[in-house]
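**Q** Here are the chains, one letter per residue:
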Amino acid sequence: MSNAYRNNFLREVTANVEEGEWVKMCMQCGVCSGSCPLGPHWEHPPQEIFMMIRAGKREEVLKSNSMWYCTSCYNCIARCPRGLPITHIMHGLAHYAKRLGMVPQNQQTAKFAQKFWDNLTKKGRVNELTLGLSLYFMNGFGEGVKTSLKMQGVGLGMLKTQRMDPLEILGGHGCKDVAGLQAALKKARQIEEAKAVKV
Amino acid sequence: MAKQYSFYPGCSSQKKASSYNQLRSTQTICQELGIQLNEISDWNCCSASIGYCGGGELPRLVLSARNLALSEKEHPGQDLVATCAACWLATREAQERLEHDPQLKTEANEALKEAGLTFKGEKKVRHLVEVLIEDVGYDEIRKHVKKPLKGIKIAGYVGCQTNRPFGIVGESFENPVYLDKMIDAVGAEPITNYQKKVACCGGALMFSEPEKSQALVKDILEAAHDAGADMLVTPCPVCQMNTEVYQSFINKKYGTNFNMPSVYYSTIMSVAFGKTAKEAALDGQMIRAKQLEEVAAR
Numbered sequence: 100m101s102n103a104y105r106n107n108f109l110r111e112v113t114a115n116v117e118e119g120e121w122v123k124m125c126m127q128c129g130v131c132s133g134s135c136p137l138g139p140h141w142e143h144p145p146q147e148i149f150m151m152i153r154a155g156k157r158e159e160v161l162k163s164n165s166m167w168y169c170t171s172c173y174n175c176i177a178r179c180p181r182g183l184p185i186t187h188i189m190h191g192l193a194h195y196a197k198r199l200g201m202v203p204q205n206q207q208t209a210k211f212a213q214k215f216w217d218n219l220t221k222k223g224r225v226n227e228l229t230l231g232l233s234l235y236f237m238n239g240f241g242e243g244v245k246t247s248l249k250m251q252g253v254g255l256g257m258l259k260t261q262r263m264d265p266l267e268i269l270g271g272h273g274c275k276d277v278a279g280l281q282a283a284l285k286k287a288r289q290i291e292e293a294k295a296v297k298v
Numbered sequence: 045m046a047k048q049y050s051f052y053p054g055c056s057s058q059k060k061a062s063s064y065n066q067l068r069s070t071q072t073i074c075q076e077l078g079i080q081l082n083e084i085s086d087w088n089c090c091s092a093s094i095g096y097c098g099g100g101e102l103p104r105l106v107l108s109a110r111n112l113a114l115s116e117k118e119h120p121g122q123d124l125v126a127t128c129a130a131c132w133l134a135t136r137e138a139q140e141r142l143e144h145d146p147q148l149k150t151e152a153n154e155a156l157k158e159a160g161l162t163f164k165g166e167k168k169v170r171h172l173v174e175v176l177i178e179d180v181g182y183d184e185i186r187k188h189v190k191k192p193l194k195g196i197k198i199a200g201y202v203g204c205q206t207n208r209p210f211g212i213v214g215e216s217f218e219n220p221v222y223l224d225k226m227i228d229a230v231g232a233e234p235i236t237n238y239q240k241k242v243a244c245c246g247g248a249l250m251f252s253e254p255e256k257s258q259a260l261v262k263d264i265l266e267a268a269h270d271a272g273a274d275m276l277v278t279p280c281p282v283c284q285m286n287t288e289v290y291q292s293f294i295n296k297k298y299g300t301n302f303n304m305p306s307v308y309y310s311t312i313m314s315v316a317f318g319k320t321a322k323e324a325a326l327d328g329q330m331i332r333a334k335q336l337e338e339v340a341a342r
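Residue numbers (the numbering used here), protein chains in the order written: chain H, 100 to 298; chain A, 45 to 342.
These are computed hints drawn from the structure, not numbers from a lab. Just to be clear, a hint being listed does not mean it is correct.
[To be verified] The calculated DSS-like cross-link candidates involving lysine-lysine, where the alpha carbons are at most 25 Å apart (straight line), are: (1) A/Lys59 - H/Lys222; (2) A/Lys334 - A/Lys191; (3) A/Lys157 - H/Lys222.
Next up, chain A with everything else stripped away, as it sits in the complex:
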């Protein structure tokens, strides 16, 4: 029987939103690995890490507390799992801060009463990567590989919010290696000396400070290129989008010639598991991952 989890997809994973390709490939690998994600029915936005202008501390915590309360009610006993870095961070932070501060918890519940909800603090908040590492395991992932991604060199771009301040269980802040292990598990070649593995892509400031953020992305792409990578793989929707869709702007400004695919870990796993290009959401790439398309077509 499939393992059951309470699932918080987040705004960017909604149908035809910016990381819909992540959701599609996530559904594919979860089905293959016996993971059942039960969506919280009426979840709301967590306000990511950019809600702080309009939203104060308590209103922002209440956003996540509402999701946690709904999850407690609808999926008792199931861990709450998120795929988006910001969703996971905000939800886990709210869970921990409300747990450790009884006054904040009382205040959050006073606010939630207006929506007829109560936050109890029963949930463990986990990233899907943690489910894959701890509940499934690299060895089990390896067993599902039907088409090893032989000869494809991949830089594991971990980024920020999947890595700090919490990080994936058992990993270090400065050199987390779980993506390298996943890349290895699907038969591809990890770029282990990738210098910009945990560097920032600018996050939401790509919208408000595009020049400064694109300069950061240029360094991230350059380090991958110089280390011999064919593509980037990342766990984060903002990292994926920022490293993929602005490459033409960067090329124009810096005279570079980047055309490097940036995919999700769920993309490479789907392809290696023998799924179709559609199931792996390869049609969701703005910069096509041709090597992966070739494997999927075999």
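Chain H on its own, in the form it takes in the complex:
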């Protein structure tokens, strides 16, 4: 009987999710959900996510689209009466779901966010041109051509105003010590993974 009452998911989140130790502090007031600019689109707004974690709904939480709708506006953090770092917890849950391979297929923000990370870690700085192009084509070639045509005006406008450089396609900006940066990131990842509690 005792096992049935053990809330493993809350413990898992506390141990493995960024700022996860705060989840138990939520008092279900709902200010976060009401303050979220994309709140109406969340399947489960933050307040609900917190209660679902405590109720042990592991699959439903980690496979949810919800936290991927966080725009990082920090309204929830500024307003939470208990001072929970809600934005960080949402980023943390999203990252954890990704690590476990539980992100819903075709989650657009997850795809974009991964491309952003891959782009910046390649040379140490974001290459806006290659990031933009990879983004247009992330849902297949046909979609990519359609999106490129739709965005043509924006691209030309950015070019004309010196806010886009076609030469970036050849490599473009980057850090000098990319090797050092990549080694530091690799080490950081190893430290983090070694600390994670196995489920």
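Following the hints, complete the assembly by docking chain A onto the known chain H.
**A** Relative to chain H, chain A alone:
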């Protein structure tokens, strides 16, 4: 002698990147006001607020810790200053979290050792707006105004990340007034009852959830328009881009007729300081700020 600062420009401020116009006008006002920005030589991306899919907590903190360590080494005694909202937020957050959590700091330094660097935690991380308010001051800014922007009505769009979770020193989350004061200082008319002053433009989700983000931008533009604004002024590169470049999409979808310039505080200051259109980077506007061009041409 110019005041010295260690400067973190960030990816979007690089030459011919999406907020190159912010960098250009920032250089103009800094030169005028005696602010010297010393660029951190080999800075890296902070991963903004969208790096969390691929990057965990520690790797993301290490990105900013590397910039801080470089700044400590190259510019000792100088505050680290950023102009980009996300750069400033990420760097300040890393500084504070590593300072307050000795274990995280040890781990970050273990990782940084791979790049031959050490984060000590000596830096104060500031937004350029804070330098303008605290180290220069509104009165001093006023003294540099050669062409007051008389009769131009401007909505100060503060947005999110310059305002939360840290915010500009001395300001409130729900109604920060520093942009209004800057607008007033350059002789323009601030829209003080601007309802969407601290609303979100969708940020990076403009790329992954364009329809939902454009709906937010529509409200931001509509509130400015309804309050009588001629243009928006913002401190943030993402706010600027999101409020400017998607107006034609919004017009098409909602049957609106927006054609509202969205500029940086450094743009209006440059023009008011009597600089040329080029120095103010007015040629970096996709929606031309014609009223500012007229003043600059006088």
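**Q** Compare the structure with each hint and give your call.
**A** Comparing the hints with the structure gives:
no.	hint	verdict
1	A/Lys59 - H/Lys222	16 Å, holds
2	A/Lys334 - A/Lys191	15 Å, holds
3	A/Lys157 - H/Lys222	19 Å, holds
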